[in-house]
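Okay, here's what each chain looks like letter by letter:
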Amino acid sequence: MKRYRWIGALLAMVLAVAACSGGGGGASSTTSTTSASGNEGGVTSTTVEPGGAEDRRGGTMIQALSGEPSSLNPAITTSTADLYTGCKIFEGLVRFDKEYNILPSLAETWEISDDGLHYTFHLRQGVTWHDGQPFTAEDVAWTFENVTSQYGPRSAAAFTRVSEITVVDDHTIELTLTEPYGSLLSLLTCSASAILPKHIYGDGVDILTHPRNNDPVGTGPFKFDSWDRGTAVTLVRNENYWRVDEGMPYLDRIIMRSFDSAQATIQALEAGEVDVVTDYSLDVASYNRLKDDPRFTGVGGTNNPIGHYWIFNLEREPLNDVAVRQALVKAINVAFVNDKVYFGLGGVPKSHIDTRLGWAHSGEVDLQQLYPYSVEQANAELDALGLTRDANGLRFTIDLVYFIETSELEETAQILRENLREIGVDLQLRPLEQNVAQNVIWSDEDFDTFLVRFNSFGDVEVGLRRLYHCDATGPFTNPGHYCTDEVDRLLEQGAAASGPEGRAPYYHELEKVLARDLPNISVIERPAADLLRKGLVPRQNSPDAYDGWEEVYWEQQP
Amino acid sequence: MTANRVPRVRRAERQYATVGAVIVAVLLVIAVLSPWIAKHDPFALGETALAGPSANAWFGTDNLGRDVWSQFVYGARLSLTVGVVAALIGSVIGVGVGTIAGVRGGVTDALLMRLTEAVLILPRFIVAVAVVAFLGSGISRIIMVIGLMSWPGVARIVRAEVMKVKNLEFVEAARASGLGRASIVFREILPNSLGPAIVVASLDIGQAILVEAGLSFLGLGDPTVMSWGTMLNNSQRFLAQAWWMAIFPGAGIFLSVLGFNMLGEGLRASRRGTKRARNGSAAPDAGGEVAA
Amino acid sequence: MNSVLRYSLGRAAQSIPLLLAVVCAAFALVKASPGDPVTALAGDFPISEEYRREVESRYGLDQPWPVQLLKYLGSVVRGDLGFSFMNNEEVSTLIWQRLGPTVLLTGGAMLLASIGGVVVGTLAARRPGGVVDVSSQLAAFAAYAMPVFWLGQLLIMLFAIKLGWLPAGGMRSLRDPKTGFEGVLQVGKHMILPAVVFAARYFAITMRVVRDGVIGGMDSDYSIAARARGVKERRILVSHALRNAMLPVVTILSLNLGFAMSGTVLIETVFNWPGLGRLLFDAIGSRDYPVVAGVFIVLTSAVVVINLIADILYGVLDPRVTE
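Residue numbers (this note's numbering), protein chains in the order written: chain E, 1 to 558; chain U, 1001 to 1292; chain C, 2001 to 2323.
Hints were generated in silico from the structure; no laboratory data involved.
We put the CB at the ideal spot given by N, CA and C, even for glycine.
Heads up, a few of these hints could be off.
Quick partial rundown of chain E residues pointing at chain C, CB under 10 Å, derived from the structure [claimed, not checked]: (1) S163; (2) T166; (3) D228; (4) A264.
Label-pair ranges, simulated between beta-carbon atoms [said to hold, decoys possible]: (5) C:V2231 <-> U:L1168: 34 to 40 Å; (6) E:L394 <-> U:S1183: 47 to 53 Å; (7) E:L103 <-> C:G2164: 37 to 43 Å; (8) C:G2164 <-> U:P1053: 27 to 33 Å; (9) C:P2064 <-> U:L1168: 52 to 58 Å; (10) E:A384 <-> U:A1055: 39 to 45 Å; (11) C:S2135 <-> E:D293: 37 to 43 Å; (12) C:A2028 <-> E:D169: 40 to 46 Å; (13) C:P2064 <-> E:L394: 43 to 49 Å; (14) E:E555 <-> C:A2028: 52 to 58 Å; (15) C:G2164 <-> E:D97: 38 to 44 Å; (16) C:L2073 <-> E:D131: 38 to 44 Å; (17) U:G1138 <-> C:G2164: 28 to 34 Å; (18) E:D170 <-> C:L2070: 24 to 30 Å.
Mimicking DMTMM-like on lysine to aspartate or glutamate, the simulated pairs with C-alpha atoms at most 25 Å apart in a straight line are [unchecked claim]: (19) E:K291 <-> E:D485; (20) E:K512 <-> E:D488; (21) C:K2071 <-> C:D2282; (22) U:K1039 <-> U:D1109; (23) E:K198 <-> E:E246; (24) U:K1164 <-> C:D2282; (25) C:K2178 <-> E:D366; (26) E:K198 <-> E:E174; (27) E:K291 <-> U:E1188; (28) U:K1164 <-> C:D2221; (29) E:K198 <-> E:E179; (30) E:K291 <-> E:E486; (31) E:K534 <-> E:D215; (32) C:K2162 <-> E:E418; (33) U:K1039 <-> E:E422; (34) C:K2071 <-> E:D225; (35) U:K1039 <-> E:D426; (36) E:K512 <-> E:E555; (37) C:K2178 <-> E:E174; (38) C:K2162 <-> E:D225; (39) U:K1039 <-> E:E411; (40) U:K1039 <-> E:D131.
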């Protein structure tokens, strides 16, 4: 019996020690903490602040993240976990609304010269960094010169066109371009070009490994509080945020909680341990199941224009023949993909430019009309091309490379395989881990077809150019060797023109060319959606999950 | 308390072998007969998705309209193949290494045992994860990796047995009668040392099936084949709405591991029944490492 | 005692080249594989050549790999496990933060398993073939055969979602975090499901070993003689049979403890537990070789140390070994 007492004591000791250690700073408790009741009990209370909208203020929101952020500096990464967290702390000069129109953020107004070569930004006054230092044009200039133009994965290319950055005064900054570039503004959001504080990062320490990346100071609605590695990042309200006269941000605290699997995320949501699951972190099946559940609010149609593209390697036989590609496309039951993988919530693609890109999408091209789903037709066309079936019913074999990352890609790949089987084409699936696949596709170029997710980021020039331009090389660019002068010209003209009216005609023409050439097809316009706990009012005006969290509040705490 | 419980206990334990054998036999029959007892191609798409068990689809359909019964049956074939082949690879290598070490002794033995320990020390599941993540998730690679991680357990056991057996009288007699070394090894030593190895091998089969399921769960399985592990992985997102997608492959894994374990344990018990129980010094299981 | 000490030190010395080999193996595994940290770091967007070269020189990735290996070994010896690209943090800090939760989970599970195993195994052995024995045997078989993640998810659905009694995952409460004793209780509550699921198979193993050992011990010559002398059954059970069964239990548990610590990936994924398993898994995916190697080293050292302690304990409990 003595033995057992000893064991009991050891158990208690181990519990105590490990509960205190292991996890650096645990979540700190701020004095105005409120807790939503749920699995862990707790009292519901609201802090009352003087000033407008006081009944909206208060509360903690817990958001689920896929994976752990690698750093909290959004200017040097494209990882969604980093951006979802970092863009609550930092901001860009502008932001998007639901239709990808440009709205002011840190820049209040701006002018563009007629020749499209001079941009003048008038920055918002009275904005301070979280440590109290004033935000000025110096910070913008410093960030653009030292960070964005070198490390911004999407914006660095744009900044090669910027020849001069001039600080006119504390709140005015000018960019001079070497050639007009219609997409510049859409690359100045937080997720592409977040503004960093010069007084912190300007100390010469390498920005990629800068210690303040883990303890950041930004201008955004929420301040960094603590990071319990492996578990959560805690952010608290920035009391001096520039929308404070509107009462924002409403929430006291946001906790960004990391999960490693979609299943664990949804289970936590259902158990009351998470309040919001957004977009990339939310699997469609769970969204479909829970969107009408009385405990949750589903916010569909958040406008993150992502498609899954089936890309052909045009240097491989028989894919180099457009007639073959057209036949293959007719064998794909895109409606089935939308119906089964996305529960009908996605969009059947009409053209190579996502319908959600607004003005860039003409509505005149419909791939489903040009190449309707028909197994008989596909079979007939392949027969006519001389690609007849052998004794086993097989015409030819091609492979399909895709990342192991999501079940959606996996299921789509399996549907493609079954569809092609009906026309006598053996599609060999090659699911690869992303790093490995990147080598296979862009270094070894050893593939027939490739199924991959591409985000257009709201702008053809930003997101889709890399799929079609001849000089787009390197990972996540044109993998199929599609290269025509015609397309290059259209892309460049679309980029150089300004404003939707100026640029649209080129993109509409591009749609027709791509529909004719079929270097790839999109199999789905992926639905983007958020799932919120009932009582949490979602953002009204943001197309994606990055910005606008200052607008979220608890209408009634559960 | 009667003084001599042991024989009664051993008899009871041998019954486990019988139960285990029955379970394994049923599963093997399903696996072998799968093309005939399945109703559809396990990958064939269908319009009715997420439908519960019915007269049409005995085990229901999955989210792509595929027939779960057919998947289960082909899954049996695949998962059992993975288990048996991986365990076989491990056993063959293990017996080889263990016999050489035991027979030769000396430096060879020391070196081989160091190697064995080194591989044993490696976190088995993590290495499998790493290899599959780096080199790709084909099912043959998965089988190879699992097999290569399981040989040390067999090797240690075989070596211990070989060392015991090689000095026994009948081996001495064979040596004295002039038989060549190779013959002695194959005819006298090996057959008498394999007993415990078979036990470990049957446990390894269960382990291998679990590791494959675990890899699939982490997204590292081979999705181009329909194994129970793949089925379980697919079922995760639908646990709340389509329990049949998870229960059947889970039960399949459970029953096969159970069956092989019972078989192995029963075999071990029946072997021990032929020797007297010693003074409480039950030999510890050979590296009872498990795929957590 | 001296011979035990010498024996133990000898075993310890043998472990060092082992550790060295493991480090090199971890390094080689990551380096030899396709893909590299820079690409992983850049995410899903094309990066320029200058960016790539910058990052590579920052992290020393542009030097020949034997140089990288030597530099790494040198720093490991000094206790510096390097810097993690993906986490922007010292590897040793990362590991230290995640080690606690892993030790907690593994230790807790093993304790559960050993206490449960000893108790149930003894009860089963007292009446072999009886109800307790047969049912516990079957339960042990079942526990051993159950895929851990399946069981885990079913329990989460039952206890966390349907009933709401226990948390669905994580190690701490985020809405309402407490410190001090209440904090410990909170962690304990989060630990129940994962520890129980994790402990299941070790419970099975322990129980069977104890049962076998006790049955064997109760029927040994010593026990028969003691019984003939009139010693009470209960005393024989506790002071002889159980005591003898402890030996293999210690061996088994210590053998498994090290392996258990390396095998937590699945449990940590299902229960969102912030331990080393997930850290390692993510690092493998992003080719973060300092982290991969660092965790390998830590886990292997743990296995070696624990085995060493077990060897010593074994030697203490059973003096025959060192003679």
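Checked hints:
no.	hint	verdict
1	S163	violated, 18 Å
2	T166	violated, 24 Å
3	D228	holds, 7 Å
4	A264	holds, 5 Å
5	C:V2231 <-> U:L1168: 34 to 40 Å	holds, 37 Å
6	E:L394 <-> U:S1183: 47 to 53 Å	holds, 52 Å
7	E:L103 <-> C:G2164: 37 to 43 Å	holds, 42 Å
8	C:G2164 <-> U:P1053: 27 to 33 Å	holds, 29 Å
9	C:P2064 <-> U:L1168: 52 to 58 Å	holds, 56 Å
10	E:A384 <-> U:A1055: 39 to 45 Å	holds, 43 Å
11	C:S2135 <-> E:D293: 37 to 43 Å	holds, 40 Å
12	C:A2028 <-> E:D169: 40 to 46 Å	violated, 57 Å
13	C:P2064 <-> E:L394: 43 to 49 Å	holds, 47 Å
14	E:E555 <-> C:A2028: 52 to 58 Å	holds, 57 Å
15	C:G2164 <-> E:D97: 38 to 44 Å	holds, 39 Å
16	C:L2073 <-> E:D131: 38 to 44 Å	holds, 41 Å
17	U:G1138 <-> C:G2164: 28 to 34 Å	violated, 43 Å
18	E:D170 <-> C:L2070: 24 to 30 Å	violated, 51 Å
19	E:K291 <-> E:D485	violated, 46 Å
20	E:K512 <-> E:D488	holds, 14 Å
21	C:K2071 <-> C:D2282	holds, 24 Å
22	U:K1039 <-> U:D1109	violated, 53 Å
23	E:K198 <-> E:E246	violated, 28 Å
24	U:K1164 <-> C:D2282	violated, 46 Å
25	C:K2178 <-> E:D366	violated, 58 Å
26	E:K198 <-> E:E174	holds, 18 Å
27	E:K291 <-> U:E1188	violated, 70 Å
28	U:K1164 <-> C:D2221	holds, 24 Å
29	E:K198 <-> E:E179	violated, 28 Å
30	E:K291 <-> E:E486	violated, 45 Å
31	E:K534 <-> E:D215	violated, 32 Å
32	C:K2162 <-> E:E418	violated, 38 Å
33	U:K1039 <-> E:E422	holds, 19 Å
34	C:K2071 <-> E:D225	violated, 36 Å
35	U:K1039 <-> E:D426	holds, 22 Å
36	E:K512 <-> E:E555	violated, 47 Å
37	C:K2178 <-> E:E174	violated, 51 Å
38	C:K2162 <-> E:D225	violated, 33 Å
39	U:K1039 <-> E:E411	holds, 21 Å
40	U:K1039 <-> E:D131	violated, 68 Å
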